[in-house]
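Protein chains: 2
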Amino acid sequence: MMSQRGNDPVDLVVVGSIGLDTVKTPLAARRDILGGSVSYACAAASFFARTGMVGVVGRDFPERCRAAFRSFHIDRRGLQAADGKTFRWSGVYERNMNSRRTLSTDLNVFADFAPDLPAAYRKSPFLFLANIAPELQARVLSQMRAPRFVAADTMDLWIKIARPALLKVIRRVDLLLLNDFEARELTGEEHLVQAARRVLALGPRYVIVKKGEHGSMVFSKHGLVLVPAYPVDEVQDPTGAGDAFAGGLMGVLARGRRITPLTVRRAMVYGAMVASFTVEAFSLEKLRAIRRADIEARVRQFRRMIRC
Amino acid sequence: MMSQRGNDPVDLVVVGSIGLDTVKTPLAARRDILGGSVSYACAAASFFARTGMVGVVGRDFPERCRAAFRSFHIDRRGLQAADGKTFRWSGVYERNMNSRRTLSTDLNVFADFAPDLPAAYRKSPFLFLANIAPELQARVLSQMRAPRFVAADTMDLWIKIARPALLKVIRRVDLLLLNDFEARELTGEEHLVQAARRVLALGPRYVIVKKGEHGSMVFSKHGLVLVPAYPVDEVQDPTGAGDAFAGGLMGVLARGRRITPLTVRRAMVYGAMVASFTVEAFSLEKLRAIRRADIEARVRQFRRMIRC
Chain X
1 MMSQRGNDPV DLVVVGSIGL DTVKTPLAAR RDILGGSVSY ACAAASFFAR TGMVGVVGRD
61 FPERCRAAFR SFHIDRRGLQ AADGKTFRWS GVYERNMNSR RTLSTDLNVF ADFAPDLPAA
121 YRKSPFLFLA NIAPELQARV LSQMRAPRFV AADTMDLWIK IARPALLKVI RRVDLLLLND
181 FEARELTGEE HLVQAARRVL ALGPRYVIVK KGEHGSMVFS KHGLVLVPAY PVDEVQDPTG
241 AGDAFAGGLM GVLARGRRIT PLTVRRAMVY GAMVASFTVE AFSLEKLRAI RRADIEARVR
301 QFRRMIRC
Chain W
1 MMSQRGNDPV DLVVVGSIGL DTVKTPLAAR RDILGGSVSY ACAAASFFAR TGMVGVVGRD
61 FPERCRAAFR SFHIDRRGLQ AADGKTFRWS GVYERNMNSR RTLSTDLNVF ADFAPDLPAA
121 YRKSPFLFLA NIAPELQARV LSQMRAPRFV AADTMDLWIK IARPALLKVI RRVDLLLLND
181 FEARELTGEE HLVQAARRVL ALGPRYVIVK KGEHGSMVFS KHGLVLVPAY PVDEVQDPTG
241 AGDAFAGGLM GVLARGRRIT PLTVRRAMVY GAMVASFTVE AFSLEKLRAI RRADIEARVR
301 QFRRMIRC
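Protein sequences, first through last, are from chains X and W. So that you can map any letter, position 73 of the first sequence is 73 in the working numbering, and since no number is skipped, the others follow by simple counting. So that you can map any letter, position 188 of the second sequence is 188 in the working numbering, and since no number is skipped, the others follow by simple counting.
There may be inaccurate statements among the hints.
Copies of the same chain look alike in the list, so a pair counts if it works inside one copy or between any two.
30 Å max Cα-Cα, derived BS3-like pairs, lysine-lysine [unchecked claim]:
#1 221 / 286
#2 286 / 24
#3 211 / 24
#4 123 / 221
#5 168 / 123
#6 85 / 286
#7 286 / 211
Note that these hints are calculated values from the structure, not bench results. Note that this is a predicted model, so its numbers are computed, not measured.
Here chain X stands alone, though its shape is the one from the complex (with noise of 0.2 Å):
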């Protein structure tokens, strides 16, 4: 049952995948544990917004998984529950933790996924489209009725086998946020400055070059923004850092009022910092385990650590 009533607004929607996944890191591994795009960047959005979710499970989907998105207070009208198993994902990470396999995919019911928003959802202010397939991506961007901030999100996967649909959606979004792989991916240019130039040249405002425990990079016509990644103490599961950093820099620009160069600056920053909370621990574990004051001190503590 969906706790929220059917007329309340929410100030960001993030549609994306749900699933349950199985990992294994060179210190330990973990089955079944709740996953996917769309529960990393919700988590992490609700700390600073109200976040509506968007998404599908199975009839399998456990009342524990149900159970950590209530305690983050996520809207859950756009929740589908569909006849047939949660998707799952199981992957392993090699020693430096940068590099994974995917050892197993299986889109179970995320295969017939058709996202259908709420009417609530559709007047929401700020969109976030998570990693999935283009094609939906659209669907639901063309289901909202005028957004005032769009951002994607995408895989290297859509870049090889969707690239017309993709670059469609690219037009139409105010923000891309993509890794410094799929960025010369996309564009064929090897040198990232370069490939993320190229990128801001397909439509968006804002282009965000995300580099994993080297931090992100911001693109746009008032120039290029570094945001370094906190040095976390132990990097327990790398899994949604990339979803994290998305949904908490949306949440952030959410409750703001304006979206400048330098709110999304900011809001990258806390971003960063919801991500390292995030590897921290398997799953939501540890974004179960704080609060916004932990966030807030971290920001603190690194904006002391890159002051110069």
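Fit chain W to the given chain X structure using the hints.
Just chain W now, kept in the frame of chain X:
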């Protein structure tokens, strides 16, 4: 002929290799260009401090390379000319400039190098032991009267073949520079933050981990500071970036009054900017084309990029 007089003081002494490099990148190739750790480090330091060079060249060392040293007003009283050929290195950079392969190394006169410091150098308050064999670093260190601040760089080769000698040097320096790979090699610790902490426990007050295009981090008992790299438009040749970073850093420290976490951080930013100019052309070409004011302008631009 050395133009410096016998007793003229220097602020900073740098010892390391001088070589003729043959470099191939995906974009271009050059043969027998001026290279070596001391060449890059001294050129970088010379923007900020009176810098003395300790190294050896062969009888074949070209006048154009001596002219390059002169153009930076590097003090060359510690430059030896030995019978034989100058040290030579050749290497090739991969497509993304992040990894390089050594094709050949000919030590030549460098094989019998026994640094012997001029009297004026022994009184220098600052010393930078650039990348050479730890035994030679120790020899230079022992010739110094009472240096206020000593930094050392190293490379993976010495970690492998001269670990005990290297550890002895590390115990005697105030600041150790090494790259991320070397920090892991030296400590056997995969996680970079933890590896750096272990290096700190080996003796130095400051440990700087260089991450190439991803910037650098400094560790001390006062905490951790992050300095992203400046995102250059086009990397022509990454050779010497780490040496220029260290040289610029030491030059700034040598001209300052006190060594504190704040002045080290500030010096790292200057080092990073000099390094960013260095990679924009082969050898010392770009550094010869710029002035101190260009470095200051880039420092200001960089501060705007990372302000948050």
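Right, here's what the structure says about each hint:
no. : hint      : verdict
1   : 221 / 286 : between (36 Å within a copy, 27 Å between copies)
2   : 286 / 24  : within (17 Å within a copy, 47 Å between copies)
3   : 211 / 24  : both (22 Å within a copy, 27 Å between copies)
4   : 123 / 221 : within (29 Å within a copy, 51 Å between copies)
5   : 168 / 123 : within (22 Å within a copy, 67 Å between copies)
6   : 85 / 286  : within (26 Å within a copy, 60 Å between copies)
7   : 286 / 211 : both (22 Å within a copy, 28 Å between copies)
In summary, the structure agrees with every hint in the numbered list given earlier.
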